[in-house]
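Asks: Okay, here's what each chain looks like letter by letter:
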Amino acid sequence: MGSYVPSTEEQRREMLKAIGLNDYRELYRDVPENMILNRPLDLPEGKSEMEVRNALAEMAAKNTVYKTVLRGAGAYDHYIPSIVKYIPAKEEFLTAYTPYQAEISQGVLQSIFEYQTMIAELTGMDVSNASVYDGATAAAEAAAMCRDRKRRVTLISATTHPDVINTVRTYCYGTNDELVVVPAKDGKTDIEALKNMLNEGVASFYVQQPNFYGVFEDAEALGELVHATGAMFVMGCNPIALAIMKTPRDCGADVAVGEGQPLGMPIGFGGPYLGFMATTTKHIRKLPGRIVGETTDHDGNRAYVLSLQAREQHIRREKASSNICSNEALCALTAGLYMATMGPDGMAEVANQCMAKAHYLENALTAIPGIRLRYDAPFFHEFLLDMPKCKEIEQALAEKGILSGLPYEDGMLWCVTEKASKATLDEVVSTVKEVLA
Amino acid sequence: MKLIFEKSVKGRKCDILPKCDVPAVELPEGLKRETAPHLPEMSETDVSRHYTELNKQVHGVNCGFYPLGSCTMKYNPRIDEEAAAMEGFTNIHPLAPKSSVRGALEVLDTLRADLCEITGMDGMTFQPAAGAHGEFTGVLLIKQYHDSRNDKNRTKIIVPDSAHGTNPATAAMCGYQVVNIPSAPDGCVDLEELKKVLGDDVAGLMLTNPNTVGIFDENILEITKLVHEAGGLCYYDGANTNAIMGVVRPGDMGFDCIHLNLHKTFATPHGGGGPGAGAVGCKEFLKPFLPHSALMEKPGRLQVRGFMGNFLVCVRALAYVMTLGREGIPEAATNAVLNANYLMQKIKGTFTPAFDRICMHEFVLDLSHYEKETGVSALDVAKSLIDYGMHPPTMYFPLIVHEALMLEPTETESIETLDWAADVFRKLYELGKTDPEFMHNAPHHTPIGRPDEVKAARNPIVRYTFA
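Chains as they are written, first to last, in our numbering: chain U, 1 to 437; chain Z, 1001 to 1467.
Simulated from the structure, these hints should not be mistaken for laboratory data. One or more of the hints may lead you astray.
[Claimed, not checked] With a straight-line Cα cutoff of 20 Å, these simulated DMTMM-like cross-link-like pairs (lysine to aspartate or glutamate) come out:
{"id": "1", "chain 1": "U", "residue 1": "LYS17", "chain 2": "Z", "residue 2": "ASP1356"}
{"id": "2", "chain 1": "Z", "residue 1": "LYS1225", "chain 2": "U", "residue 2": "GLU33"}
{"id": "3", "chain 1": "U", "residue 1": "LYS47", "chain 2": "Z", "residue 2": "GLU1081"}
{"id": "4", "chain 1": "U", "residue 1": "LYS62", "chain 2": "U", "residue 2": "GLU394"}
{"id": "5", "chain 1": "Z", "residue 1": "LYS1287", "chain 2": "Z", "residue 2": "ASP1109"}
[As the list claims (entries may be wrong)] Examples of chain Z residues lying across from chain U (beta carbon under 7 Å, computed):
{"id": "6", "residue": "LEU1295"}
{"id": "7", "residue": "HIS1402"}
{"id": "8", "residue": "PRO1447"}
No residue lacks a Cβ here, since even glycine has one placed at the ideal position from N, Cα and C.
Put together the whole structure using the sequences plus the hints.
Replies: This is how it looks when you write it as structure tokens:
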């Protein structure tokens, strides 16, 4: 019904006249006549704002919003403080383009600089980029930045999120490089297998911490093995866990990446999310994507700019480290805002509550006959249970407004965040008991 | 202004979470973090004021004219934001049972059908998160197609020298050797140059049409035919779709696959550099190669990111397409072209258009003569525009025009704004002749003057250092 075109019909005719044309068709005179679409588009008629709102509200209502989500597997339902929802909706942040013009973009540039600092702090690394698309592409970009002329093979642990493995595989397919999956043993990377797979052709090894099953990997030991053969060590970390767990830097990682969604972004059916990437000073010029740097203007005022652009596609074209330009700037702003709102103590509190509540549920569920923890190892906020009747349990919990753990490989992968109350977790346990009774 | 870390006060915080109601569990010793990260410690007032202060130092589409060529900075409707913020969309898990996300699947199916109709394609994925990511996805379709036919000799992708830098970078990420071909003077494909490089080693061609100088390549059918005859496929870079949507379709031009920037053509906001969405469409024969999430959908296919893509951006785009509908889509395109031609006409007589002919949705000014005459560069003019509250056009692109300024007004600007903008250009044209020094030092009314980019690159400071 509307196209947001402000000019009136009279004004449009005036404009046509000003450029010496008689009708709209002449604007397209370079388009061969036989190619012009000679029928209306097969779309519904345009709708008023009110109708559009109602139609989309109806679609939204067809989705089930659970009061408690106990499913993670790469998308984590954390509490989002009110202010973290409001600020990114400010129209200037929302509608600006990439900050090419520093003089009128200091707000965006500074928010990215602050985000880069917080990611560096969280991971213990020296430097961060301005973001990439998501955790999976961050892993793929990390693999690419570790390759050189001699070392081309990428190793990735089988305990990694399946979408991450497949995305890295896809990027490797692009550049005709080899990806080899290191097998798992008892829910962790098989360290002996890794030892046998490392050689002089290996560029990097990627491990997820905590891994897809929620289990903590022996990251330091893995890192030492990898470095012993001269390859690079890449860790994909959960950013909430990082508030309390040993940093990738302290585990010896050369590159730390991860999915930033838990830092204030809704689960949103899979996106937009945020890929974070951090590395050591040594590798800064290999880091893909935008990076904001500090400088001064001609009066000596502190100023921020898009920096180190000689790495990027608009300068290097086919020799660029990546083709990325647009990233997830507003999500990076959101993540910085989330971390500032929670503060170091609040972040640790979220992590500790996740851990405590996950263990509470795991304890209670494994006390039920027929249910056991598949991998008996320290875990964070996810755990894989061997249990019968997964579909029935999923259904029974759904009826109570609870999204169960993810049915996975004949078991269930559960995730508990700070949002779940003890009362709800008790309800889960009693419901599972009822189903299995 | 101060950094957020410089405003932090030890011990200050926001109260967000309730007390933990289950017994605490400690991390095993060897897994514990040794020192807490330096994150800001702020009250909620501090946080609110800090980001408000930052927000004041950003020029958005809501602030004023934003004719940033090839970026399609049209108005971002607020109803699209409201739709994307609905709880039924934000609070659904990508791995929830299909029966509980029927509305989300309906959003994607409806948008897919609409965008396929607009582009003349048969299938579409929403996995790519941005335009460059869409290019990557599209060229991977081409690669998989040749591989599936065991046609392993095709190692080259043809890219005109007027192309955006992402095109050659993408071809390289897909393992292809890039063959840059010189464009004709008007930025269009030089058919003779194209014929010279076509052969059984060519996997495909990447092309933007209208091209990067805002001209529709009238030989497009011949171009795609030549590539197909050589056994290659044609990829359409959708950066400039706003000029043609509802008027002419890439599918009818002979393209096999395309990407669309939902954050340009379909009015979703750019967020200061993302999140965008780079939907990729293809013809029927390429559908088996579209990416899928290993965990959500079919295993055994490639994928370019996790889950389904930037879903909430797709919700916004659908709200936009529903609003415009059958008539609104071509109306938007036509008026984008009308506005560009009108603005070019009004500026003509001062700064010189690189190509003095009817343009599509954008046009390029060539300031090389003006620069020789006055010493005032395209950069100086761009920076001077800022003092008038206008976002500068795209500068020094495409590379085939020297001292280029590329203007794309979009359809959502009024004739009053265009007249005003032309006036500003006229004033600056005169000013450069009388007071070039003033323009070398522009902008004069911004929080900072021109930053020293060389210093930033030589001595990279990319994070705050804590005392």
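Asks: Please check whether Z:LEU1295 passes as an interface residue: C-beta within 7 Å of a C-beta belonging to chain U.
Replies: Given a least distance of 5 Å, the restraint on Z:LEU1295 holds.
Asks: Between U:LYS62 and U:GLU394, is the straight-line Cα distance small enough, at 20 Å or below?
Replies: Answer holds: U:LYS62 to U:GLU394 is near 19 Å, not above 20 Å.
Asks: Compare the distance between the alpha carbons of Z:LYS1287 and Z:ASP1109 with 20 Å, and conclude whether the hinted pair is satisfied.
Replies: holds (15 Å)
Asks: Against chain U, with CB atoms and a cut of 7 Å, does the hint on Z:HIS1402 hold up?
Replies: violated (17 Å)
Asks: Z:PRO1447 was flagged as interface toward chain U. Is the shortest Cβ-Cβ separation under 7 Å?
Replies: holds (6 Å)
Asks: Would the pair U:LYS17 and Z:ASP1356 pass a check requiring their Cα atoms to be no farther apart than 20 Å?
Replies: Within the cut-off at roughly 17 Å; holds.
Asks: Regarding the pair Z:LYS1225 and U:GLU33, is the alpha-carbon distance no greater than 20 Å?
Replies: holds (17 Å)
Asks: Please verify whether U:LYS47 and Z:GLU1081 have alpha carbons no more than 20 Å apart.
Replies: At roughly 17 Å apart (the allowed maximum being 20 Å), Z:GLU1081 and U:LYS47 satisfy the hint.
When the structure is compared with the earlier hints, a violation turns up for hint 7 alone.
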